[in-house]
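*Asks:* Sequence:
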Amino acid sequence: MRLSRSLASVTAAVCLVMSLPYEAMSHARVREPGAAPSELFGASCRSKVTGSEVTTYCHNPYPRTDGVRLHIECDRWWDLDTDGPEVQAGPAQTVRLTGRCWKEVRSVWVSHRKLAR
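In mature numbering (1 follows the signal peptide of the UniProt record, and there is no 0), the protein residues as written are -24 to -1, 1 to 93.
Take the hints with a grain of salt, since some may be wrong.
[Stated by the list, open to error] Between beta-carbon pairs, the in silico distance windows are:
| hint | residue 1 | residue 2 | range |
| --- | --- | --- | --- |
| 1 | Glu15 | Glu80 | 34 to 44 Å |
| 2 | Ser14 | Arg52 | 17 to 27 Å |
| 3 | Pro37 | Pro61 | 35 to 45 Å |
| 4 | Thr31 | Ala68 | 14 to 24 Å |
| 5 | Leu91 | His47 | 12 to 22 Å |
| 6 | Thr70 | Thr26 | 28 to 38 Å |
| 7 | Arg52 | Ser20 | 26 to 36 Å |
| 8 | Tyr38 | Trp78 | 30 to 40 Å |
| 9 | Phe17 | His47 | 13 to 23 Å |
| 10 | Trp53 | Leu91 | 30 to 40 Å |
| 11 | Lys79 | Phe17 | 15 to 25 Å |
In case anyone wonders, no lab produced these hints; they're calculated from the structure. By construction, the Cβ of each residue, glycine as well, lies at the ideal position given by its N, Cα and C atoms.
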């Protein structure tokens, strides 16, 4: 009986610690001397594929400008994949990116690049 009670206590304690949010467990982390604090960066993007056309909206809620590019991989072997031009998404700005394939779209993704302030 005593073994099962102590095991239950340990199990409950482990479950409690594992369920804490990451921020609560990371407060004791020590930063390297001279290391810059982490910077929030990156526009959030949502893409919509309609037939062979792709439309993506990227919104940048952060103070640093984000250079976003739309990349489209087409399904057919003879259809050319495209990498769109880089568009600057400034602070609190939403940009629209478009592209297409001749036939079906296999995949779509957006790349991000930190631009000078």
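*Asks:* Could you run down the list of hints and mark each one as holding or not?
*Replies:* We went through each hint and held it up to the structure:
1. Glu15 <-> Glu80: 34 to 44 Å: Holds, at about 38 Å.
2. Ser14 <-> Arg52: 17 to 27 Å: violated (42 Å)
3. Pro37 <-> Pro61: 35 to 45 Å: Roughly 23 Å apart at Cβ, these two residues miss the hinted range, so it is violated.
4. Thr31 <-> Ala68: 14 to 24 Å: This hint holds: roughly 21 Å between Cβ atoms.
5. Leu91 <-> His47: 12 to 22 Å: Taking Cβ atoms as reference, Leu91 and His47 lie about 18 Å apart, which means the hint holds.
6. Thr70 <-> Thr26: 28 to 38 Å: With a Cβ separation near 19 Å, Thr70 and Thr26 fall outside 28 to 38 Å, so the hint is violated.
7. Arg52 <-> Ser20: 26 to 36 Å: For Ser20 against Arg52, whose Cβ atoms are near 30 Å apart, the range 26 to 36 Å holds.
8. Tyr38 <-> Trp78: 30 to 40 Å: Once the Cβ atoms are compared, 36 Å apart, the range 30 to 40 Å for Trp78 and Tyr38 holds.
9. Phe17 <-> His47: 13 to 23 Å: Given range 13 to 23 Å: holds, Cβ gap about 19 Å.
10. Trp53 <-> Leu91: 30 to 40 Å: Holds, since Trp53 and Leu91 (Cβ atoms, about 35 Å apart) stay within the stated range.
11. Lys79 <-> Phe17: 15 to 25 Å: violated (35 Å)
Hints 2, 3, 6, 11 from the list above are not met by this structure, while the remaining hints are.
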